[in-house]
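Undergrad: This is what each chain is made of:
There are 2 protein chains.
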Amino acid sequence: MLDQNTFVEQTLLRLLDQKKYHSLRDILATMNPSDIAYLLEELDERRLPLVFRLLPKELAAEAFVEMDSDQQELLIRGFSDTELKEVLDEMFVDDAVDIVEEMPANVVKRILAQADPDMRKQINEILRYPEDSAGSIMTTEYVSLRPDMTVGEAILRIRRTGVDKETIYTCYVTQDRHLIGMVSVKDLLLCSNDDTPIREIMEENVISVSTHDDQEQVVQMFSKYNFLALPVTDAEGRMVGIVTFDDAMDVMEDEATEDMEVMAAMLPSDKPYAKEGVFELVKRRIPWLLMLMLSATFTGLIITHFENALAVCTALTAFIPMLMGTGGNSGSQASVAVIRSISLGEVESKDLPWIVWKEIRVAVLCGVILAVCNFVKMLLVDRLLMNNPDITVTVALVVCVTLVFVVLAAKTIGASLPIVAKKIGLDPAVMASPFITTIVDALSLLIYFAVASAMLPL
Amino acid sequence: MLDQNTFVEQTLLRLLDQKKYHSLRDILATMNPSDIAYLLEELDERRLPLVFRLLPKELAAEAFVEMDSDQQELLIRGFSDTELKEVLDEMFVDDAVDIVEEMPANVVKRILAQADPDMRKQINEILRYPEDSAGSIMTTEYVSLRPDMTVGEAILRIRRTGVDKETIYTCYVTQDRHLIGMVSVKDLLLCSNDDTPIREIMEENVISVSTHDDQEQVVQMFSKYNFLALPVTDAEGRMVGIVTFDDAMDVMEDEATEDMEVMAAMLPSDKPYAKEGVFELVKRRIPWLLMLMLSATFTGLIITHFENALAVCTALTAFIPMLMGTGGNSGSQASVAVIRSISLGEVESKDLPWIVWKEIRVAVLCGVILAVCNFVKMLLVDRLLMNNPDITVTVALVVCVTLVFVVLAAKTIGASLPIVAKKIGLDPAVMASPFITTIVDALSLLIYFAVASAMLPL
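Taken in order, these protein sequences are the chains called A and B.
Read in order, the letters of the first sequence correspond to residues 1 to 458 in this note's numbering.
Read in order, the letters of the second sequence correspond to residues 1 to 458 in this note's numbering.
Treat the hints as calculated values from the structure; they're not laboratory data.
Fair warning: there could be bad hints in the mix.
Same chains, same label: a pair holds when it works inside one copy or across any pair of copies.
[Stated by the list, open to error] Once the Cα atoms are required to be at most 30 Å apart in a straight line, the calculated DSSO-like pairs of lysine-lysine come out as:
id	residue 1	residue 2
1	LYS57	LYS275
2	LYS350	LYS377
3	LYS224	LYS186
4	LYS224	LYS350
5	LYS20	LYS121
6	LYS275	LYS350
In isolation and in its complexed conformation, chain A is listed as follows (with noise of 0.2 Å):
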């Protein structure tokens, strides 16, 4: 696939060198919009507004729409009036409306200027709405029907209206602006008989979103329903526009994309890896770094206040990595299987007493297998093919017995820090394996002295 790209790029490539516009133009027309944009942001600031010149109009704008920001900004400040006109002519107002938020001040009121009054109006309502809402991602431009129409003029409605529709797949049954139904166009081409009005072919039970609903929620619908199209309404309940599946998707994506980087440690971003500069990257990731450094002053303090035991028993200090490590990942395995199932909306706040007590027994049933485990080999490496008489049993059991509570402190914590932090409104995938791991450090440290104290003479 990719490889194939490749040598469609280069034949294009040696087109262009060679000024073969001509032959260049019939290839670049039968190409995919998507495949286009990937050529196009190959290209260098002289040869870019060249080649988007040779696409035929409509080809035009839906690779433009493909295109990475920065690129559409460099071809849009080339652009007469005339030509960014013609581009937003073609446009979906939701692409419309994704291309102004990126754009800088003087550029959007260029697009403003030139966009046609209607659409100028659709995108200043969608831009009001709050970003990552429902309202935000939503295009204003699908079908709408009346209920006293029969099958057959609604095929011939879509027939006259359908070419400048995001959709035309699933089409709304409005009555005073308000949705009371929905109807597929397979619904309408199955029907065998055209007379048939189509108050009596629609869906009345329709499942919609309203504008200020999450993002996250309207992809969870999608996952659930399989919906090719979501409605969207106002406060009034009054239809105001769509979701199709494929800014689902996108949503899909990003949101995936963002709960890993948070997870990760790193304040999310849009931009794809590849594109982000390096300073971009550090100012993403020193916060939580810097934060999370800082914080293990309380480790540092826990054993500082502990030194003398560690000298009377300086075997125990090589046994603190493991311990810290282990809660780390105990703890990371809870938090992250209940951040997902958060994301998924498979599990809500309500949940916490039934979570925390699966945990519990997850937790019990694991730290008894490391701890066996552990003392095995502790006893076997450690002591007799390591040789090291400081490893006795007591110091074996000192540990086995702080991992068994590790485990269980790590996995609790993880379990139900991701609930909290969505019950007081924080994002769930915070509460991931590296803030968890510097609580459970502290406490593993704490629980570590705790069981040493009262099992050895310190």
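Use these hints to put chain B onto chain A, whose structure you have.
TA: Positioned in the frame of chain A, the structure of chain B alone reads:
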């Protein structure tokens, strides 16, 4: 949304208790199959078949597909052969395959016996493809057209045969079973002349996948091209099926969940967290915990080896957790960024050099910022505020120089290992936080003691 569902659910349960089956049936008939499945999952073994039998046939099959495999099995075991046949007849082939894959052998045998011969053949065909391949997630029910048909004939064909197809909106043009073009229902409906031959309006540059392509690649194509459906061809280029956007969305979600689970040191699973038993969770979590715990033996050995050095300068011990933690976090930031880019198809093996170069620059910047902050913190907080005379300027320097090297090593290793894993055919997600942390832990200690030995009189 969820609260509304709970309300509906309680109403329905009340009707069930009062044996008002007629009203129950009327309400169920208006509901979405996914919501019905959700409701059925709440019912016990006795009431489940009762309510299921109230559903109209088509809706029953649709709800059945959305249910848990445990409940599907329960229902199938209760079905008469005729009932089973009725449900199967309403089902799409790919859904039937999904069910067959989850059932024990004797249930599979019954299903195949009741499926009509054509469906049985198709199920067996799809089952032959490797797990997680395009072939295994496709359906064989699509609309195919001939190039010499007219638009009018095509619409007629869709109206006649469309009811059994998973999607009618993208139709595929084939000649001798080879895929030569595609045309959307939108193109057909918006075409002004019904006598136009399909050949003239079809898109000839059709993007397809091969039966053995990985499902992750299929998902990447969906998110790149925004397709409703993607055609699947066999090794000879013959069209054998399609993957629809809703299945791609499910795969997208599953793959993201799997990546997160693997990144958090768990063996992945298909089951949602809420449905998994304690033993299943332990089985998925203990292998990596055990492996990582035992590999922490190395960190223990390193500390034991430098026991005397630590005894001379006890202050050093207190900073071990901070160095390990910062190293682990730095490494996991880099590894997760790269793992996600690989999953999204943005990064490949050949990108290793620039990725390492980028991470080196990010690491130096992050390392220096962290070192400076830590230096100030150690002298102000640990030395002055905590009044700890052991924290000399030299000790602070040792810790901070170590920090720079640890971050550098962690980011380089974190970014490289996922790519190396991909290259040798392992899951890149394995190379996330827990695995990286274990390596970085040992490395941090070695760097720490090397720097300390060079700068302090140990």
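Undergrad: Is the C-alpha distance from LYS275 to LYS350 at most 30 Å within one copy, between copies, in both cases, or in neither?
TA: between (41 Å within a copy, 16 Å between copies)
Undergrad: When no copy is named, should LYS350 and LYS377 be tagged within, between, both, or neither for a Cα gap of at most 30 Å?
TA: Neither way: LYS350 and LYS377 sit 41 Å apart in one copy and 41 Å across, limit 30 Å.
Undergrad: Which holds for LYS57 with LYS275 at a C-alpha limit of 30 Å: within a copy, between copies, both or neither?
TA: Answer is within: at 28 Å inside a copy they meet the 30 Å cutoff, but 52 Å across does not.
Undergrad: Should LYS224 paired with LYS186 be assigned to within, between, both, or neither, using CA atoms and 30 Å as the limit?
TA: Both, since 21 Å and 26 Å are each at most 30 Å.
Undergrad: Which holds for LYS20 with LYS121 at a C-alpha limit of 30 Å: within a copy, between copies, both or neither?
TA: Answer is neither: 42 Å inside a copy and 52 Å across each miss the 30 Å cutoff.
Undergrad: When Cα atoms must be at most 30 Å apart, do LYS224 and LYS350 count as within-copy, between-copy, both, or neither?
TA: within (21 Å within a copy, 38 Å between copies)
Of the numbered hints given earlier, the model fails hints 2, 5; all others are met.
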